[in-house]
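Trainee: Using the sequences provided together with the hints, build the complete structure.
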Amino acid sequence: MRAPRQPSGGGTGRRSRSARHLRAQLRDGPAPARPRRRPSSARLSLVLLLLTPPLLADDDVHVEEPPHAEADAERHVEVRAPAGPNPITTAGTLTVRALGPDAPPASDLATVLASVPGANVRRLGGLGDVAVVSLRGSSLRQVEVFLDGVPLNPDGAEVVDLSELPPSAFSRVEVWRGDAPARYGAAPLGGVIDLRTPPPSETPTAVGIAAGSWSTLRGHAVTGGRLGKHADAYAAGDVLGTAGDFTFLDDAGTVYNRLDDGMPRRLNNDLFRANGLARVNVGHHGARLTLLDAAAHVERGLPGPVGARAENARYAATRNLLSASADLTPGDDVRVVPRVWWFTRSDELDDRMGELGVGGEWRRDRTATLGAQVDTTWAPLSWGQLGLLTRARRDTYTPFDVITKATDGERRRDALVAALSGEARAWGDRLLVTPVVQVNARDDRTLGDTPFADTAAIGTPRSTAVDVLPRGGVLVRPWPTLAVKGSVGRYVRPPDLFELFGQGGREMGNTRLLPESGTHWDVGLRGVRALGERADRVAWACVALDLGWSEVRAEDRIVRVQNSQQTTLPVNLPSARIRTFEAGAEMEVLDALRSRTSVTRNLAENLDPDPAYTGNALPRLPELELEQATSLHVGATLELSHTWSHAGATFLDAANVLVNGPRNLHALALRARAPRGLALSAEVRNLFDVRAVAVDRNPISPTDDALVAQPLADFGGYPLPGRTVMVAVSWSGAPAMEHP
Amino acid sequence: MNSLLLALLACSTDATKDTSTDTAADTVDTGTVERDPTAVIVTSDYTVGTLSTATLGGAVTADLLPVSGDTVVVGEGSRLFLLDRVANVVRAYDNGDVTAPTWETNVGEGANPTSVATCGGKVFVARYFVPSLLVLDPATGLSVGEVDLSAFDDGDGSPEADSLVVAPNGKLYASLNQLDFVNTYASADGSGTLVEIDCATNTVSDSWDVGPNPHVAAIGDGSTLAVYGGDYFLPDYSGPALDGGLWTFDTETATLTATALTDEAVGGNVGNVVISGDGKGLLTIDDGSVWSVACFDLASGTTTATFDPVAFVQQAALAPDESVWLVQRSPFSGEAGTVGTVRVDLATCTAAAPIATTLEPYAVAFVE
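Just so you know, the sequences run in chain order A and B.
Numbering of the first sequence is given in this note's numbering, commencing with residue 1 and proceeding in unit increments.
Numbering of the second sequence is given in this note's numbering, commencing with residue 1 and proceeding in unit increments.
It should be emphasised that the hints constitute simulated quantities derived from the structure, not laboratory data.
Some hints here could point you the wrong way.
Stated by the list, open to error - Coverage of chain B stretches by chain A, computed from C-beta distances (three or more under 8 Å per stretch; other residues unrestricted):
no.	stretch
1	40-51
2	62-72
3	192-198
4	247-254
5	276-282
Where a beta carbon is used, it is the ideal one built from N, C-alpha and C, also for glycine.
Mentor: Listed below in structure tokens is the structure:
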């Protein structure tokens, strides 16, 4: 009997090691306390470490596993190198990026995700401003975000604002593009983002404070340690405040008239955000209980787009996630992980002046999810195992009009998920097959009546539905240096309660929405090569290359369209096809130079039968995105890194009339480590202070080739800041976490 | 860096097109040349729009220029005014050339320009959310004054100036909707106001209480005005508010006269009134979700024929050949309908096949 393995594709920090540490491991040999099967040669060791899917890993890979001496010895390497080459899996393409308290001071989670191939981050401003992510051309709600495996937006309910999630509290982020492992119980068309807290043995003690442009201040503190023989604790806090009053190009809406252009300050863009996270593990190997609570509060101004600036509108949100889970191994071949969680969120929008929408409003809406799941894995055979995840969930949404004291009452949706997964290995573990059948059921009978007296309620509300979602993946490693994979699956996302019933600012609900669904397939390969390696000499360079191709066919895609009152309404778009080519390359030379490049090419095609839209590109998805990061290291004391990110021009609308210009941004970061754990770091984002881009004045004219200046922006009308400088000083009581 | 970019862009713009229009143009020489009247059609999907042109026969030159999703146009002889209600920008185009404006100016953030008219050698701009008319130099578009309307504020900060008409007496007439934009979105006190403006002094010279939510349009040469409107919904949104209709206003005698064409008489909200010089007219009737069209004779105050466009009629405009162009869009309820710009022969009250555009039509005006 074999002990159960992590369910399919479970990317872990242990698989995320940099080439430097992989080479160091080759040089120094394996850790003495590492009780695992070893490849026969150092070269094979390197290759396998890069190529082997996590489910082929040894038994102690899961970060939630109980601490013990052997695992600690193994993880000591991991904590130093959480951001290396990515594991390849049978499921969707996985990229792991390091987070932690040593992140560059002007960076945030959106900055990190922007470096992931296939990820398209859209910002509504600078540090602390709203930032959201799309994966492989998905809509924003087709990306589900998890915190240590607990969903923050189940079924894509709400778009998760990445700016609310501090990178300092987490050790890494796993980005699953396309198919996500069955253990998530999710079926998003875009993918899954899982923020992971550090495992018990890797919890650093660190504090830091940073200050910089736009009156920005941020601070963080993390600590952790053992509480007796069978318990450990981890806590993290993060505070960010900023005036956000950067200057931006305002052309006053007059593209032909340059005389009235100006550079005003962004007003009502201030932000205060506080996050806290605490985790306690109790137990021992075989039976461990984990309690986790993650709370956040944010207050911010809502500045509105350029041309419709709001100087009084405010927004506040408070959320809390309380989770309890156990990790049980009742037998040698069985592992059971039960979990319950309660997620609450309160959103308050105060636009009594009516600056954002038509008429004044002041709303305080509450959303909540109560969930329970059991994840069981059973490995009765040496060549395969089975997994069963069952989940029950209740989502509620309670809108409240503060002005009129009116509420529509609690709207409720119950959902069940059952996912049966398997994995089978053959050909000396060089062939791996992982089929999954997931069944999603939802009960919308208690959603409630439509709040809009003049809108007929037809479509899905007040109904039940069951969706069968088969998917699976295959991984083949014909040679140690090459792995080829593919996956295919079907996905469904019902409209969330806000999309159905929401009323806020410039967003309204639509009770006639249908669930969006689609199929997704991808193929990919990874190659790794160690250069200059001989039997008596370690390699002087390591190179890893990832290539991937994916295609999504989405039906009834839910998109927001604007009505005559400049209020957006979600509607079903009949059909769309998104093909994505992703390439990633990582290289390390002589312990001194590291380079990482990611390229994404999106071919997104609107298949709406309306001739005004058919064949058009999907809005706000650049055809080409590129990020190149290079860092120089002088021993362990000095690190200088440069990042260049390019995003091609995008259309702002489905008719492909308005263009958002391309952008090229550079960032520079310097980090100097001093003795006793002190470190000084500085980061400059938007190094060349780009605040305008050139676009065609008349993009639909074949003869007018004049250019006009347009504010630098991700979203039309929401400018990005110019050069932003942040300086930080920090202290760490644990080995510093390295960053790409 | 940015200065350099802007400089480069400036050079690029100037180098590639001499027709690029700085606001500092010295003169307005519209150089009126005899040409066939042209319809300028704004299309929109509410998110974005384009400007297209069409002959009166319906031959379309589509998608010449991108515009915002909420843009309206006003024709005055050979001059076309474009009012971008998203960017709050007014542009003036001359001589049928819609590729580059003579001037372009921002009329105030959040102002929402609704109409424009040239009177006394000045351009007056009605702004829905500002309690004044903006007065511009017709040659440059630069602001030269305002007409204070704050005395007509209904309590929400603006009297909601809606439409403008210049009468042969040299006065400018503006309809003030006076809607309560804080609470009800209906008329604040059950009535609206028609104001007369002295274009020489930029002041209100007279005003009259008219029906709720009024709009004004010229009949013939404009010596008589059509005043029409009414609240849209009952306070509880249970149905149309049948409190409006059509009135005429004699600018010489300052007399407001009710017609028999009331909301109650036609069975729905009266809107989009167009009346030719010979007193033949067209209006739309709707209950908020279903639209129909009625032709009428102003002298008798009776409808002569009706037909159902089965679509949302955004606007009706009188063409130089006395036909009426209906801007028909998909209804909000999502049902299929006749979408496009539809020409109606007032004499027979019959509609021709719709003129198709890439996006649905949103507004139309005519220039010579």
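Trainee: Closer than 8 Å Cβ to Cβ for three or more residues is the test here. Does the stretch 192-198 of chain B pass it with chain A?
Mentor: Result for this restraint: violated, n = 0.
Trainee: Taking 8 Å as the Cβ threshold, is the statement that the stretch 247-254 of chain B is covered by chain A upheld or broken by the three-residue rule?
Mentor: It is violated, with 0 qualifying residues against the three required.
Trainee: Is the listed coverage of the stretch 62-72 of chain B by chain A valid when you require three or more residues with a beta carbon under 8 Å from a beta carbon of that chain?
Mentor: holds (count 6)
Trainee: Just to make sure I understand the rule, a stretch counts as covered if three or more of its residues have a C-beta closer than 8 Å to a C-beta of the chain. Does the stretch 40-51 of chain B meet that for chain A?
Mentor: holds (count 6)
Trainee: For the stretch 276-282 of chain B, count the residues whose Cβ lies under 8 Å from any Cβ of chain A; is that count three or more?
Mentor: violated (count 0)
When held up to the earlier numbered hints, the structure conflicts with 3, 4, 5 and fits the remainder.
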